[in-house]
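Peer 1: Residues per chain are reported as follows:
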Amino acid sequence: MHRIAALALALAAAAGAPCALAQDAKTEIEKYQQMIADSSPVELFELQGETLWSKRQGPKNASLEHCDLGLGAGVLKGAYAQLPRYFRDADRVMDLETRLLHCMTTLQGRSREDATRRVFGNEDKPSEMEYLSAYIAAQSRGSPMAPGTAHPREAAAYELGRKLFFYRAGPWDFSCASCHGEPGKRIRMQELPVLSTRAGAGPVVATWPAYRVSNSQFKTMQWRINDCYRQMRMPEPTYASDLTVALATYLTVTGKGDLYRGPGTKR
Amino acid sequence: MAEPMKIRATLKGDLAEVRVLMVHPMETGQRKDAEGRLVPAHFIQEVSVRLNGRSVLEGQISQAVSRNPVFSFRLKGVKAGDKLEIAWLDSKGERSQAEAAIA
Amino acid sequence: MNPARRIALKFAAALAAGLAAPLRALAAWNKEAFQSKTAASALKELGVAASTESKDILIEAPQIAENGAVVPIEVTSNLPGTRSIALVIDKNPFPLTARFEFGEGAVPYVKVNVKLGESSFVRAVAEAGGRHYTAAREVKVTIGGCGG
Amino acid sequence: MRMSASLRICAAATALAACAGAPVAERHFSSEGELREVQAVLKRDIHARGSATLARLEPDALQQACNLNGNAPPEALARQLEAEQMAAIRYPAGSLAGDWRRGEQIAQSGRGLQWNDGPKDVGGGSCYNCHELAPQEASFGTLGPSLRGFGKLRGNTPEMQKYAYGRIYNSKAFNLCSQMPRLGQSGTLSEQQIRDLVAYLLDPESPVNR
Numbered sequence: 005m006h007r008i009a010a011l012a013l014a015l016a017a018a019a020g021a022p023c024a025l026a027q028d029a030k031t032e033i034e035k036y037q038q039m040i041a042d043s044s045p046v047e048l049f050e051l052q053g054e055t056l057w058s059k060r061q062g063p064k065n066a067s068l069e070h071c072d073l074g075l076g077a078g079v080l081k082g083a084y085a086q087l088p089r090y091f092r093d094a095d096r097v098m099d100l101e102t103r104l105l106h107c108m109t110t111l112q113g114r115s116r117e118d119a120t121r122r123v124f125g126n127e128d129k130p131s132e133m134e135y136l137s138a139y140i141a142a143q144s145r146g147s148p149m150a151p152g153t154a155h156p157r158e159a160a161a162y163e164l165g166r167k168l169f170f171y172r173a174g175p176w177d178f179s180c181a182s183c184h185g186e187p188g189k190r191i192r193m194q195e196l197p198v199l200s201t202r203a204g205a206g207p208v209v210a211t212w213p214a215y216r217v218s219n220s221q222f223k224t225m226q227w228r229i230n231d232c233y234r235q236m237r238m239p240e241p242t243y244a245s246d247l248t249v250a251l252a253t254y255l256t257v258t259g260k261g262d263l264y265r266g267p268g269t270k271r
Numbered sequence: 037m038a039e040p041m042k043i044r045a046t047l048k049g050d051l052a053e054v055r056v057l058m059v060h061p062m063e064t065g066q067r068k069d070a071e072g073r074l075v076p077a078h079f080i081q082e083v084s085v086r087l088n089g090r091s092v093l094e095g096q097i098s099q100a101v102s103r104n105p106v107f108s109f110r111l112k113g114v115k116a117g118d119k120l121e122i123a124w125l126d127s128k129g130e131r132s133q134a135e136a137a138i139a
Numbered sequence: 158m159n160p161a162r163r164i165a166l167k168f169a170a171a172l173a174a175g176l177a178a179p180l181r182a183l184a185a186w187n188k189e190a191f192q193s194k195t196a197a198s199a200l201k202e203l204g205v206a207a208s209t210e211s212k213d214i215l216i217e218a219p220q221i222a223e224n225g226a227v228v229p230i231e232v233t234s235n236l237p238g239t240r241s242i243a244l245v246i247d248k249n250p251f252p253l254t255a256r257f258e259f260g261e262g263a264v265p266y267v268k269v270n271v272k273l274g275e276s277s278f279v280r281a282v283a284e285a286g287g288r289h290y291t292a293a294r295e296v297k298v299t300i301g302g303c304g305g
Numbered sequence: 059m060r061m062s063a064s065l066r067i068c069a070a071a072t073a074l075a076a077c078a079g080a081p082v083a084e085r086h087f088s089s090e091g092e093l094r095e096v097q098a099v100l101k102r103d104i105h106a107r108g109s110a111t112l113a114r115l116e117p118d119a120l121q122q123a124c125n126l127n128g129n130a131p132p133e134a135l136a137r138q139l140e141a142e143q144m145a146a147i148r149y150p151a152g153s154l155a156g157d158w159r160r161g162e163q164i165a166q167s168g169r170g171l172q173w174n175d176g177p178k179d180v181g182g183g184s185c186y187n188c189h190e191l192a193p194q195e196a197s198f199g200t201l202g203p204s205l206r207g208f209g210k211l212r213g214n215t216p217e218m219q220k221y222a223y224g225r226i227y228n229s230k231a232f233n234l235c236s237q238m239p240r241l242g243q244s245g246t247l248s249e250q251q252i253r254d255l256v257a258y259l260l261d262p263e264s265p266v267n268r
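Protein chains in written order, with the numbering used here: chain A, 5 to 271; chain B, 37 to 139; chain C, 158 to 305; chain D, 59 to 268.
Hints listed in this document are in silico derivations from the structure and should not be mistaken for laboratory results.
Backbone N, C-alpha and C define an ideal beta-carbon position, used for all residues, glycine too.
Treat the hints with care, since some could be wrong.
[Stated by the list, open to error] Calculated pairs, DSS-like style, for lysine-lysine (alpha carbon to alpha carbon, straight line, at most 27 Å):
# : chain 1 : residue 1 : chain 2 : residue 2
1 : B       : Lys128    : C       : Lys212
2 : B       : Lys48     : A       : Lys129
3 : C       : Lys212    : C       : Lys268
4 : A       : Lys189    : D       : Lys210
5 : D       : Lys210    : A       : Lys167
6 : B       : Lys112    : C       : Lys201
7 : B       : Lys128    : A       : Lys35
[Claimed, not checked] Rough simulated footprint, nothing fancy, chain D against chain A, three-plus residues with beta-carbon under 8 Å:
#  : region
8  : 86-92
9  : 156-167
10 : 236-245
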């Protein structure tokens with residue numbers, strides 16, 4: 005692990021004020037985040053997603069162009085911004101990836117096992133879900149985040165998500181709130197939004213899914229939840245399970261209202 | 037066939053701000069893949085920008101340019117109808133070329 | 158709305174390699190310069206004997222980058238008659254990162270995302286009127302995330 | 059390299075704030091039944107992977123008490139559970155301080171106990187994720203108090219080595235619903251690794267105290 009220049013001392017000495025170093029570092033990092041957002045290759049994932057949306061696949065040799073994301077078969081404009089929501093045909097609350105998985109199994113006739121074989125890609129080979137999520141999310145740019153809240157099943161998903169968010173478990177006794185529960189906290193240089201408040205969750209849900217410059221990969225919300233459980237030292241949540249959709253519902257409903265401005269570009 | 041390239045130009049008067057997005061792994065030769073095998077070096081070495089068939093910018097780059105490179109250039113004396121061609125050549129001799137007319 | 162006519166060029170399809178006119182025979186990739194292990198030897202290979210500090214070369218770079226994989230660097234040379242700009246990252250294993258030659262019609266400006274192996278000075282070397290000028294900015298690379 | 063005055067004030071201020079500012083009790087569960095409901099969802103929608111088995115989901119009395127009472131259980135219950143945790147801490151024979159140089163690597167490493175950590179991967183303490191320690195490391199977290207100058211402030215005495223060892227082994231024996239993981243009790247760190255961290259915190263030669 006390469007040693008980092010004595011940034012703490014240098015900045016504090018320069019700033020001269022106690023505890024100033026955190027503030028200087030914070031503003032500089034925000035400038036960096038703005039710069040990478042301006043010149044991000046995230047568009048390439050959107051383009052690849054566009055081709056996959058209309059690509060015929062599966063035993064039924066069908067595309068996803070008739071998949072109903074909540075606003076009607078094949079309607080993309082603004083659909084992502086209204087997820088997660090309850091779908092009567094599946095009798096379930098679904099987020100984007102859960103709904104895409106539904107369309108892959110129903111419209112394309114693919115088995116759930118085949119469609120979920122590789123849902124988290126890597127630097128060399130991104131997954132279908134990542135490309136599709138980039139493309140579909142991009143079609144909601146400018147729409148206010150308005151996940152489903154009226155249906156009783158949507159209210160139940162929110163409530164379950166809230167409990168999961170605060171439930172401490174596993175060998176390290178962590179809950180999501182252990183890291184995302186107090187303002188102004190950081191893991192290393194990574195700012196931690198308080199995801200149980202609108203101010204903290206709003207900017208997050210308005211920019212996920214997102215391209216991650218540190219490993220040149222596009223990451224989805226299902227991956228984000230999955231990887232948090234890994235770092236909490238928990239066993240693995242099942243992809244597109246009610247647990248993951250409940251958490252996504254809790255975060256999106258808590259942070260609703262901002263105009264969607266993703267897919268984002270992150271560290 | 038090489039991956040797609042995306043060109044975007046913004047015209048202000050006769051000055052065009054050109055932003056080009058290229059799909060390329062830009063492997064340094066020091067990265068290990070998921071199975072822990074060293075991925076051999078493979079990166080774009082030459083970039084060329086031509087306006088109406090005339091070279092206006094020639095670049096040589098190394099593996100230290102980020103994956104999926106994003107370049108921005110500025111060209112002056114540009115007007116509607118001009119043809120912009122951008123091409124690259126990489127360390128394996130692979131090429132990609134894209135052209136676009138400034139509407 | 159920005160008065161400029163924003164022409165978002167539609168997605169430019171890549172032509173099959175064979176169809177397009179091949180890249181004009183460019184000077185071969187400067188292997189010696191790009192494979193030099195120090196900034197000094199790289200510049201020597203580029204024929205840069207000496208260079209003077211100049212405030213007319215503007216480098217826009219983040220002071221802190223959360224990781225070294227994508228660091229946007231923007232260089233503008235206001236020196237009259239600038240013909241080329243080279244980008245050197247001192248602490249990288251191979252410091253010479255890029256060199257751009259500007260023909261008639263191109264503004265001596267470039268923006269590109271680069272990789273930094275560790276915190277380092279990023280140096281721009283411009284050639285104008287047969288002489289070389291330089292400017293540098295320090296970029297600190299930190300570890301983001303849980304390091305696990 | 060003396061720590062500049064301004065930084066010492068910063069370090070002390072954050073340390074005090076963290077100890078005094080126990081999170082106010084915001085209750086998120088109103089009954090044991092709600093805890094069982096969440097537990098059932100975990101069992102249904104989570105599967106084992108690598109070293110992360112389903113056994114990890116079994117709640118213990120401490121987790122139940124902290125979950126049910128918004129991390130601020132009634133006094134009597136908290137003291138009783140802390141005492142039980144304290145009694146379970148095993149202190150190795152001999153010196154409780156090891157090699158601070160190895161301690162530095164352990165503090166830097168964020169690996170260990172994750173489902174993608176293989177059997178031969180050496181785990182670490184993830185200390186820099188949450189704490190400021192040595193001045194050279196600018197990328198430190200702020201979830202936990204700053205530990206800059208920990209040994210210089212408190213002295214490298216046997217009593218302090220025992221306190222530091224116990225705190226790393228099981229921080230919840232000292233503060234029941236602390237967010238600091240039970241690094242020894244959970245099997246994340248070995249006895250030698252904890253001794254090396256104790257040295258990293260207390261040894262005058264360690265960069266933490268320079």
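Peer 1: What are the numbers of the hints that this structure violates, sorted from low to high?
Peer 2: 1, 2, 5, 6, 7, 8
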